[in-house]
Amino acid sequence: MIVFDNVHVSFGSLDVLKGINLEIASGSKTVIIGPSGSGKSTLLRTINMFERPKRGDVFIDGVSISGMNKRVLCQARQDIGMVFQNFNLYPHKTVLENLTLAPSVLKHESKASVRERALANLREVNIADKADAYPSQLSGGQQQRVAIARALTMRPKIMLFDEPTSALDPEMIQEVLDIMERVAVETEITMLFVTHEMKFAEHIADRVLFLDGGIILEDGAPEQVFHHPRNERTTSFLGKILH
Amino acid sequence: MSGPFSLHNWQAWFSDWSYFAGGFLRTLYISLLGLVFTLVIGLVVGILLCGKNRGVLALCRGYMSFFQNTPLVIQVFIYYNVLPKLGIRLGVIAIGVLGLALYTGAYAADIVHSAIKAVPTGQLEAAHSQGFSYLQSMIHIILPQAIKIGLPPMTNQAVNLIKNSSVLAVIAGGELMYCADSWSGDNLIYGPTFVMTGVLYLCICLPISLFARRMEKRSVRNV
Numbered sequence: 001m002i003v004f005d006n007v008h009v010s011f012g013s014l015d016v017l018k019g020i021n022l023e024i025a026s027g028s029k030t031v032i033i034g035p036s037g038s039g040k041s042t043l044l045r046t047i048n049m050f051e052r053p054k055r056g057d058v059f060i061d062g063v064s065i066s067g068m069n070k071r072v073l074c075q076a077r078q079d080i081g082m083v084f085q086n087f088n089l090y091p092h093k094t095v096l097e098n099l100t101l102a103p104s105v106l107k108h109e110s111k112a113s114v115r116e117r118a119l120a121n122l123r124e125v126n127i128a129d130k131a132d133a134y135p136s137q138l139s140g141g142q143q144q145r146v147a148i149a150r151a152l153t154m155r156p157k158i159m160l161f162d163e164p165t166s167a168l169d170p171e172m173i174q175e176v177l178d179i180m181e182r183v184a185v186e187t188e189i190t191m192l193f194v195t196h197e198m199k200f201a202e203h204i205a206d207r208v209l210f211l212d213g214g215i216i217l218e219d220g221a222p223e224q225v226f227h228h229p230r231n232e233r234t235t236s237f238l239g240k241i242l243h
Numbered sequence: 001m002s003g004p005f006s007l008h009n010w011q012a013w014f015s016d017w018s019y020f021a022g023g024f025l026r027t028l029y030i031s032l033l034g035l036v037f038t039l040v041i042g043l044v045v046g047i048l049l050c051g052k053n054r055g056v057l058a059l060c061r062g063y064m065s066f067f068q069n070t071p072l073v074i075q076v077f078i079y080y081n082v083l084p085k086l087g088i089r090l091g092v093i094a095i096g097v098l099g100l101a102l103y104t105g106a107y108a109a110d111i112v113h114s115a116i117k118a119v120p121t122g123q124l125e126a127a128h129s130q131g132f133s134y135l136q137s138m139i140h141i142i143l144p145q146a147i148k149i150g151l152p153p154m155t156n157q158a159v160n161l162i163k164n165s166s167v168l169a170v171i172a173g174g175e176l177m178y179c180a181d182s183w184s185g186d187n188l189i190y191g192p193t194f195v196m197t198g199v200l201y202l203c204i205c206l207p208i209s210l211f212a213r214r215m216e217k218r219s220v221r222n223v
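Protein sequence lines correspond, in order, to chains R and D. Residue 20 in the numbering used here sits at position 20 of the first sequence, with consecutive numbering throughout. Residue 197 in the numbering used here sits at position 197 of the second sequence, with consecutive numbering throughout.
Note that these hints are calculated values from the structure, not bench results. Note that CB positions come from ideal geometry on N, CA and C, so glycine has one too. A hint or two may mislead.
Chain R stretches covered by chain D per the calculated footprint, using a threshold of three residues with CB under 8 Å from any CB of chain D [claimed, not checked]: (1) 68-75; (2) 78-89; (3) 94-107.
All chains, full assembly: derive it from the sequences and hints.
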């Protein structure tokens, strides 16, 4: 379980998160929506301490993550996969090496077992035939599928998706959404998505958060948030984005 | 033909070629050792420059400012004349290696720093998100990419280092330029001596320059 306890995050004088209180159940699929600059990505990045709270704390399975020293934080991050908007694959490594590097270096797993798992994950995201290719030889959609497989190969307990389709050409978005949906359905990993893909959000999420101005304005099941929003701001945002 | 380039002068130079071969080998030896220490200094200072510790940053900047803004010949002169007064006695080769490494290392640090900064920040984030520490991220993800970016300018610095080794002639370094200087003074034969010395430097530096150019073209192609 991930718990946000009165989390405040600021960039200089700009308060981005203003006292977030939130509990996210293990294995749940949570989608965070909201306008640009509302603090969605910051909320996600606070979970792996890419952004540190100015006040408050984040707990994962009861352990404060902001209080960890660097070594323990690195270990904790091994259980928190992240998929970025710009993929961030390692360009000097092949697709397969992108998947096997961290498990073999950080978890000291045998090359054979990591390779087997990596190939299985590449098959899962339908890109096993590109195992020996370099990221520059792949399309954006293919790179993002590799990034998902890379995160999965670490066997994370939590996966964070930070606008994974925002940098993709329109015709490549669906292939990534399909893969994310499949992974979400097939695994017990706790997943948090920041996305503007509302249909995907409605379909996949068991909980939707609407964030604006660093505050959670709406928190509920997809059916409730998308069709019966309680907050006027949510209604206005959804009205603009769905029509 | 008479004058500085007379046949007699050329014959005299070629009859003593082994003296110059010794200097040539010594230049290679000093340059190679200097280059190894330059890379170590460049790597360490370049990585430290990417950190946030103000004291360390000031120290690195101070080192670079001093060594980039004073002539190498003066630095070498100081090592040769001042260090013994402080009880530190070094041979001319050690002084040569130290001088070249500290001087070129200041430029190499700039190259390493710029090359690391040229790697997109998302790479370090991706590495951290997987659980790599800063050092592990540097070793496995950032430096391999930075090396590709920094290799062409670093090769140019290697060429500069080799040419700058000629400065050691002022402290009787025994390298190629010292051989040229002392032999030409003894025999009063300057023309062939400095032409051939130039050719010998060219023999070392030209292949490295061509390699740098090839690397540069390749990295442009890969962008």
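Exercise for review: Count the residues of the stretch 78-89 of chain R whose CB lies closer than 8 Å to any CB of chain D, then report whether that count reaches three.
Suggested key: Holds, because 8 residues of the stretch 78-89 of chain R bring their Cβ atoms closer than 8 Å to Cβ atoms of chain D.
Review point. How about the stretch 94-107 of chain R: do at least three of its residues have a C-beta closer than 8 Å to a C-beta of chain D?
Key: holds (count 4)
Check your understanding: Within the stretch 68-75 of chain R, is the number of residues with a Cβ closer than 8 Å to a Cβ of chain D three or more?
Key -> Holds, because 4 residues of the stretch 68-75 of chain R bring their Cβ atoms closer than 8 Å to Cβ atoms of chain D.
Comparing the model with each earlier hint shows no violations; every hint is respected.
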